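S.K.: Residue numbers (my numbering), protein chains in the order written: chain C, 1 to 366; chain S, 1 to 170.
Hints in this document: simulated from the structure, not taken from any laboratory. Since we're looking at a predicted model, the values are computed, not measured. Check the hints yourself; a few may be wrong.
Claimed, not checked - List time: in silico BS3-like cross-link candidates among lysine-lysine, alpha-carbon distance up to 30 Å:
1. 137/C <-> 165/S
2. 187/C <-> 68/C
3. 74/S <-> 98/S
4. 137/C <-> 98/S
5. 135/S <-> 98/S
6. 165/S <-> 80/S
7. 98/S <-> 110/S
8. 110/S <-> 137/C
9. 137/C <-> 60/S
10. 135/S <-> 74/S
11. 80/S <-> 110/S
12. 74/S <-> 110/S
13. 137/C <-> 121/S
14. 74/S <-> 48/S
15. 135/S <-> 39/S
Stated by the list, open to error - Derived DEER-like restraints, expressed as beta-carbon distance ranges:
16. 43/S <-> 14/C: 30 to 38 Å
17. 138/C <-> 136/S: 35 to 43 Å
18. 115/S <-> 20/C: 30 to 38 Å
19. 28/C <-> 107/S: 32 to 40 Å
C-beta atoms are modelled at their ideal positions from N, C-alpha and C, and glycine is treated no differently.
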Amino acid sequence: MIALLIWYGIVGILFSIFSFGFVDPNFPILQNTWLTHIVYQKLYIAALVYTFLIFLLFFLYARILFEKTAFSFRKYALFLFCIGLIFFLSYPALSHDIFNYILTAKVAYFYRENPYVVMPTELLFEPMLQFTRAANKLALYGPIWILGTWIPHVLSFGNVLVSIYTFKLFVISAYVMVGILIYRMTKNVRNVLFFVLNPLVIIETFVSGHNDTFMMALVLYGIYLWRNSQLAVRIMGWGFMIASVLVKGATIVVLPLFVFFRHLSDEKRALLAGMCMFGVFLLTPLREEMYPWYAIWFLVFVSLLPMGKRSFLQGAAYMLSFGLMLRYVPWIATREYGGTGPLIRTLVTWIPPMMYTVWYTFSLKR
Amino acid sequence: MKYAVFIFFFSVIFFIPLSVHAEYVLPYPSVMPGNKIYKVSRVVDELKRYWSFGSIAKAKYIMNMADKYLVEAKTLFEYKQYLLAFDALNRSDNEVIKLPSFIGAGISEKKNMSLIVSSIKEQMSVHEKLLETLKNELPSVFTWTPENEISTVLFIHDRLMESIKLRQEI
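Excised from the complex, chain C in its bound form (with noise of 0.2 Å):
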């Protein structure tokens, strides 16, 4: 087990030190290394390192959870510790939200202006306009998620490279209450690991920075005092219930199922809280596109479920996570959005998945 844990570091390392190669040809420091040549220039070399990369990661998370050595859950903590801070440290390589949520924050802790009301392109001469994507948009998120962003942008002094890991760290606090509470919640660390160690995960929350993992971790706070028998505590677990949802709006499917389906068990509750957001993950690419951060969303509640080495949920969840992250191959191939790329992206996406579920079928009858 110790042997695996190191070697997801090394990789981790390895992935950090790829992630450089991603800086944005306008962004104010660490331009033109060996590494932004290489993946700016030589795309396929690009794409094969990332799909290894990605490979080993999901290799040894597979071969980390079906480990049959368990140490304690104080133990984990410090290797994920170790590994968490290999993928703080690297650059937000596969997506320029977390620019978005930095010049958000500047427009209204800053300029003092309205996010919802003004845009960043308004601000003239500001120099994140010169890398920020969407900069041409109103504020993306809820009221919740603007009113927290005060923290990471004020500890950041104003310095973009301070605010990339300011905001990073803001984000990993709520994935470290997640992980804390699946394991209050399931009392399995199997459960954590399988949540905490999933590359999808760790590389959205780590790397890009994503604010879903601060959506689901009040959501999941919400519902793990909504269990409590104190009427002021489960009132408490409706305010974060419904502070998850000023958030980002997606865990709203989740809400009815605590008005509706109160005297459910713990379990039932979560699969369905996972269905519904599994249910939401399908429908987004009526809005835009299936991002694979989003997959945070059910992969919460499937944690939450028993582990057991036949969990077909917890299979598919893993192969459609892997298949999510293959997502990006093409764009490092290719530069390119449009093309054959969506259709590259949905096949990469759902095969692994499809294959899984052939693979489960048989494996049944047999």
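Since the structure of chain C is already known, use the hints to place chain S on it.
M.R.: Leaving out everything else, chain S in the frame of chain C:
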């Protein structure tokens, strides 16, 4: 000769730069006085004033309101509801008056307000054109005589001139 004419037209079409200008467009008329939800819409407008914090946001809000009330005044003038139209025009003017203070606030906060300033200039010119059109179409003086009430003499041209002057001074 044929080639010369062809080359001339080719160069005219492809090489002479043409300036493309996106004109400032006024909004459609919103809910008008007399409508059941008119008062609600006014309350919403007031709430939006607080929602639009920050000098750029406030300037954008004021520009929107100045447009909204001016279009309201135009529609009311067209339907010969002169008293209500005067009221709407007053509200539009009151918003226009506030613009310089928010531009000044933005500049003192070291924000680049040039985008807003150029937008305001365009807006004011569109406002002026609309007010000039109204001045040409409407009577100079009108006596408004409601039932069982004292009549009011409305100096429409003077009032419109006042609004035009205000916009020219901005």
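S.K.: Would you mind marking each hint as holding or not holding in the structure?
M.R.: These are the hints, each one checked on the structure:
Proximity of residue 137/C to residue 165/S is assessed by CA-CA distance (about 36 Å); at most 30 Å being required, the pair is judged violated. With a C-alpha separation of about 17 Å, the suggested pair residue 187/C and residue 68/C falls inside the 30 Å cut-off, and the hint holds. A threshold of 30 Å between alpha carbons decides the hint, and for residue 74/S with residue 98/S the separation of about 21 Å falls inside it, so the pair holds. With a C-alpha separation of about 27 Å, the suggested pair residue 137/C and residue 98/S falls inside the 30 Å cut-off, and the hint holds.
Of the supplied pair hints, the one linking residue 135/S and residue 98/S holds, its CA atoms being roughly 24 Å apart against a limit of 30 Å. Distance hint between residue 165/S and residue 80/S is fulfilled; the C-alpha atoms sit about 23 Å from each other, no more than 30 Å. The straight-line distance between the Cα atoms of residue 98/S and residue 110/S is roughly 19 Å, inside the 30 Å bound, and the hint therefore holds. Our distance criterion of 30 Å between C-alpha atoms is met by residue 110/S and residue 137/C, whose separation comes to about 23 Å.
Our distance criterion of 30 Å between C-alpha atoms is met by residue 137/C and residue 60/S, whose separation comes to about 15 Å. Proximity of residue 135/S to residue 74/S is assessed by CA-CA distance (about 11 Å); at most 30 Å being required, the pair is judged to hold. The suggested pairing of residue 80/S with residue 110/S is violated, with an alpha-carbon distance near 46 Å, which exceeds 30 Å. Taking the CA atoms of residue 74/S and residue 110/S, the gap is near 37 Å; set against the 30 Å cutoff, the hint is violated.
Under the criterion of a C-alpha separation no larger than 30 Å, the hint pairing residue 137/C with residue 121/S is consistent with the structure, at around 24 Å. Our distance criterion of 30 Å between C-alpha atoms is met by residue 74/S and residue 48/S, whose separation comes to about 23 Å. A hinted pair counts as satisfied when its Cα atoms are at most 30 Å apart, and residue 135/S with residue 39/S qualifies at roughly 29 Å. At about 59 Å, the beta-carbon gap between residue 43/S and residue 14/C misses the expected band of 30 to 38 Å.
Against the hinted window of 35 to 43 Å, the Cβ-Cβ separation of residue 138/C and residue 136/S comes to about 39 Å, which satisfies the hint. For residue 115/S and residue 20/C, the Cβ-Cβ distance of about 35 Å falls inside the hinted range of 30 to 38 Å, so the restraint holds. Checked against the hint of 32 to 40 Å, the C-beta distance between residue 28/C and residue 107/S comes to roughly 27 Å, which is inconsistent with it.
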